[in-house]
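Undergrad: Now for the letters of each chain:
Protein chains: 2
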Amino acid sequence: MTDRYRIGVLGGTGAEGGGLALRWAHAGHEVIVGSRSIGKATAGAEALNQLLPGGGNIRGATNAETAQAADIVVLTVPPEAQAATAEGVREHLEGKLLIDVTVPLVPPRVDVVRLPNGESAVLALQRKPGPGVRVVSAFQNVSERHLKKLDHPIDCDVLVCGDDAKARETVIGLARDIGLRAFHAGALANSAAVEALTSVLIAINKRYKVPASGIRITGVPDAGKKE
Amino acid sequence: MTDRYRIGVLGGTGAEGGGLALRWAHAGHEVIVGSRSIGKATAGAEALNQLLPGGGNIRGATNAETAQAADIVVLTVPPEAQAATAEGVREHLEGKLLIDVTVPLVPPRVDVVRLPNGESAVLALQRKPGPGVRVVSAFQNVSERHLKKLDHPIDCDVLVCGDDAKARETVIGLARDIGLRAFHAGALANSAAVEALTSVLIAINKRYKVPASGIRITGVPDAGKKE
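If you read the sequences in order, they're chains B and P. Per the working numbering, the first sequence starts with residue 1, numbered consecutively. Per the working numbering, the second sequence starts with residue 228, numbered consecutively.
The hints are simulated quantities; they were obtained by calculation from the structure and are not laboratory data. Each hint can be trusted.
Covered, in the sense of this in silico footprint (three residues per stretch, anywhere, with C-beta under 8 Å from a C-beta of chain B), are these stretches of chain P:
{"id": "1", "stretch": "334-343"}
{"id": "2", "stretch": "382-389"}
Now the in silico label distances, taken between C-beta atoms and shown as ranges:
{"id": "3", "chain 1": "P", "residue 1": "R317", "chain 2": "B", "residue 2": "A47", "range": "50 to 60 Å"}
{"id": "4", "chain 1": "P", "residue 1": "R317", "chain 2": "B", "residue 2": "P211", "range": "34 to 44 Å"}
{"id": "5", "chain 1": "B", "residue 1": "V106", "chain 2": "P", "residue 2": "D391", "range": "15 to 25 Å"}
{"id": "6", "chain 1": "P", "residue 1": "K355", "chain 2": "B", "residue 2": "R216", "range": "28 to 38 Å"}
{"id": "7", "chain 1": "P", "residue 1": "P305", "chain 2": "B", "residue 2": "E80", "range": "35 to 45 Å"}
Negatives, chain P to chain B, calculated, CB over 10 Å:
{"id": "8", "residue": "N284"}
{"id": "9", "residue": "T289"}
{"id": "10", "residue": "H319"}
{"id": "11", "residue": "V360"}
Ideal Cβ positions, reconstructed from N, Cα and C, are used throughout, including at glycine.
This is chain B alone, in the form it adopts within the complex (with noise of 0.2 Å):
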């Protein structure tokens, strides 16, 4: 594995932060779930303890105290919360890595690409916590029904997007920690098409009757090793 870090995973009671947060905790990271509220946090905390071989320690935090706390803090959030909550965690996020995890999906058409202002939703995100916080963008295309499922190997590559590539390095290696091929994918600007990308899966989901399609990067030979 890579190094261990303290990961932060805001709205980790949700289905994707959660799953990311097992898993990262199953690789031996520490891992805080954060949500609006302690409770909330705390019994998202225990059902996933529940799901890891031994019990597991992850812990639950209000969203505030787990940025405060974590090395790295991870966005899992409903995109109508996206700023917000990172706005609400704002002075905690100086000289850290915020990994983006944001789609968004406007219900009840979540099959159909929305472009936010027209731009990548991180974009935006990543103008607000200002020039110390390092912003990525990964994930998005990893269907919650394959990360809670622990023994199960995930057919699925994921692209990360951001401008600074030692940070984008860091969260390879995080994907690469839970049995993740994950790639170089650009700027932050290309994370419009990774976020969008997701309603294309979603859309392909509903047409050929499956639970959960992903996608392969084909053609890059070396992209499983370590760099």
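Position chain P relative to chain B; hints supplied.
TA: Okay, now just chain P, sitting in the frame of chain B:
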């Protein structure tokens, strides 16, 4: 193969259009390559015919003549020529299927996602020709490098977006005819994801020093079969 069509490729003297024209001709379709200049079109057709075993029957024509003669019109011009080219052949599109392959790349940073007017480039195109034209978007992620080598199996899926399911199905058939696996990828708005993904693939090519990365959809076991 599907029904035999007369396919007109506008911008068929370019790399991507030429590659598709070549493969469709090889699969037994009647193919016309269009260009603004008749001389360029004729020379382009001749060059493609020389790549076909036993010589080919691809012919060259102006874009207008190509659109007029074709059952199916394919738009493979550079992004800055997309709107004008479609406008220029508008009278010949009525009742036909228009396949848009345009990718909104903006040199020199073609590895950074651009969203023209904050949406898919093809959506604007659909509004223009009017309701009698069925617009489908496809083939943006298939590298020209693969298409021109007829014996080269292509390790890339085709995502087909459009608001008319029957029109999408026709395009999926045309992809299968040239050895590609293709998917119903939802509404025409979803083309934004597919167009933008091309910049991500270019970023991956650059980072990993590979000539032509691609994508595969996972988790859809029956997608290779005919519906």
